[in-house]
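Protein sequences appear in the order of chains A and B.
Per our numbering, the first sequence starts with residue 1028, numbered consecutively.
Per our numbering, the second sequence starts with residue 1028, numbered consecutively.
Since the hints were derived computationally from the structure, they do not count as laboratory data.
Repeated chains share a single entry, so a pair holds when one copy, or any two copies, can fit it.
Using 27 Å as the maximum straight-line C-alpha spacing, the simulated DSS-like pairs for lysine-lysine come out as follows:
hint, residue 1, residue 2
1, Lys1380, Lys1351
2, Lys1497, Lys1483
3, Lys1131, Lys1064
4, Lys1109, Lys1131
5, Lys1111, Lys1234
6, Lys1351, Lys1162
Owing to the predicted nature of the structure, the values given are computational and were not obtained by experimental measurement.
2 protein chains.
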Amino acid sequence: MADKKLVEEITSMEEDFAQWYTDVVKKAELMDYSSIKGCMIFKPGGYAIWENIQRLLDARFKETGVENVYLPLFIPEGLLQKEKDHVEGFAPEVAWVTHGGNEKLVERLAVRPTSETLFCDLYASIVHSYRDLPKVYNQWCSVVRWEKSTRPFLRSSEFLWQEGHTAHATAEEAEERTIQMLNVYADFCEEELAIPMVKGRKTDKEKFAGAEATYTIEALMHDGKALQSGTSHNFGDGFARAYDIQYTDQNNQLQYVHQTSWGASTRLIGAIIMVHGDDSGLVLPPHIAPTQMMVVPIQQRKEGVLDAAEGLRKALAAAGIRTKLDDTDKSPGWKFAEAEMRGIPLRAEIGPKDMAAGQCVLVRRDTREKTVVALDEAPQKAAELLETIQHDMLERARDFLDTHISDARNYDEFKDAVENKPGFIRAMWCGDVACEEKIKEDTTATSRCMPFEQEKIADTCVCCGREAKKLVFWGKAY
Amino acid sequence: MADKKLVEEITSMEEDFAQWYTDVVKKAELMDYSSIKGCMIFKPGGYAIWENIQRLLDARFKETGVENVYLPLFIPEGLLQKEKDHVEGFAPEVAWVTHGGNEKLVERLAVRPTSETLFCDLYASIVHSYRDLPKVYNQWCSVVRWEKSTRPFLRSSEFLWQEGHTAHATAEEAEERTIQMLNVYADFCEEELAIPMVKGRKTDKEKFAGAEATYTIEALMHDGKALQSGTSHNFGDGFARAYDIQYTDQNNQLQYVHQTSWGASTRLIGAIIMVHGDDSGLVLPPHIAPTQMMVVPIQQRKEGVLDAAEGLRKALAAAGIRTKLDDTDKSPGWKFAEAEMRGIPLRAEIGPKDMAAGQCVLVRRDTREKTVVALDEAPQKAAELLETIQHDMLERARDFLDTHISDARNYDEFKDAVENKPGFIRAMWCGDVACEEKIKEDTTATSRCMPFEQEKIADTCVCCGREAKKLVFWGKAY
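Could you put together the complete structure from these sequences and hints?
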């Protein structure tokens, strides 16, 4: 179809995946660079996706009893330093406020890179008795981590996210919440973003600074690289000891609380782009698409066409479908290409011939398949088609994931897989960080996670040949 | 009712309004002080109100064509300095980032006190032709203005707000948008927050740094002080000239855009507290109340009572009413007092006697009026009552406003009114800033606005006796 080329061309995926990604982000008007090094601008198209992510994910949080709060943007340097591992992990990338107005501050303030320390400070002041537990708080905010290089949605000095922070009476309850939230993320990604996830635990090398255990969901991008898409941490009582968060239990004994934190960010938009996009641009899952349908009139100057198109838009909107009408003076082919670039899941075409036949044409973004439907059935058929698209997108992504996991039983197989088989590599590991480091140095692949479903595909570590302890998913990653 | 005193007492309004306010904020668990000077913590009760404000106000924005975006938290010092009046207005209260990680920055970054400069920078890069106009962008975010003193919701170094920033082809269109958004705020406050507003234009002394004209909505608190609750600014082409935002018009001529900005913040929560609250605590308008009804079981240990109460909660929730059940082991009186403290608009009581009679008791928070209703009619009656409460709260607030506006025709009357008649004072003004300054120095009252409906209640300026030019609303203000 020549239509595809009407909109300024984007680099093809096969040719240069990184450039394709940048082109899509720019041409679909999702994000733009700002004049502040490392900081991005969320344009309306990009921010609207984030709003839908927030709305749907927040509803899932609240179903599990999460309450939203908002804590300060700043963390006093002394507060940040109380937990040793944590401050070591974050200090190198903190932005520091040193002056307020014209006065030099007595103590420097970190612009929050994450808010564990502030939540600990709060919990220390409001948790006294077992009756005050659990606390299951979350906040939606921006955080700052000073980055040298920038990649839209994937890496920037400031990004948007949510961070949940909880306090529990027992270690068991904290572990349960950690896994519960990991599953909330995984289910959300599958059911709303149509992205299947590999779930598991991070190795000690890859875990969060200050955590006892970090769990992760990892998605596979179209270029075969992994994207960490959400993490959930069990802190045990480490932070509670550092920040002195104690409560009186039912036996009147002082106990430390057990804590968790979990976060997902605007990286998820990067995942949507790289899992579903194609050479015509973005392909958005219907559940998350700000505009689910675009109505395009054909021969719109002919009498009655624009009215019929607006009537169709209204009928679709009335059925709860987020629908827009493109009544600009561009050509239909141009409009098709623009709607495709923006990833709008379904397009409706209506012209004089369709009107005479009392019908319209529905065109899927994902497959470009056309369906002719009677006008009075259009809203119902469109709603069904949107669900079909959502379902099919997940199935295609799952097929891609399943066919891009390879097993390596020795180091030659491993190196061959990294070179020639894009995707995850399953391989056994002895548990020694030295092997992780060697693998990374030799191949750039990193351990993504130790999957919950462990099996033994070999007896020895893929790297050193010593006894194998864990099955690990490895891969190149963003 | 002895119940009222079961919850820790709060200071009475009449005795000490400022302390009453602080007590309510704390006891209703809306907000808390943090360990960072000037920064507050939004607790779940306070943040949930903000979420409802966001949801309802954002929907009204979008109906007028507003698109949401997100711009960086930081503003390079050089960019902030391009518009002279603007930087002079904000520089004294800016927090400065000087270090990123371990490196000193080449240029200091301001933590945004407001984002005019960033939006100008963006518009300069994306507006080229008349076809690119108008741009009607908004962002929800936090801003930082270094404050010496803190008052929950009213004044803090960091606060949450939305800031809309628009660019238009003509001066007329910019003025139209400025007034349109002021009306969106005023209607929202009346219809959702049950707060009537005085609308008008700010004097030059009180207008926004860099604006041609600032419009405001001003609410009257229960202590007779005014609270500026939302502002809308017309910038003309001043910022466009400073930041070089030009477009090519239909005649192929370069033109500067005309801009507006408009904002409302978490101050609105302060207004809700101080307009509707009473000596038992918060009173929330039903439209904005996170929990609209609390079901309180009576003699809950008796068989079937908790089941009946939960059944009632479910029936109310199914009717779309945000309802909770208080099944803790506290006494009913204590539960009543807690629900009152939190401002929950309607309470339902159900005990063995009610169950036998197939009924429950509904108790209004605002009037404490009791209504006995049949259980199967409870959801419908409760929904009606909530609307009645919303309506009555607005009427009471309107009565209060109307009866707290006094006219002053000379300076003695003015000073008497400031001393003895809490509320707004209407008085004529010559237009000279010297009179505004003298009035403020003599009485602490400031000009709140020049109302849209001007009349001439005297021929001479209330302060200097020269010819009167404008009718002005004056008042002590937060």
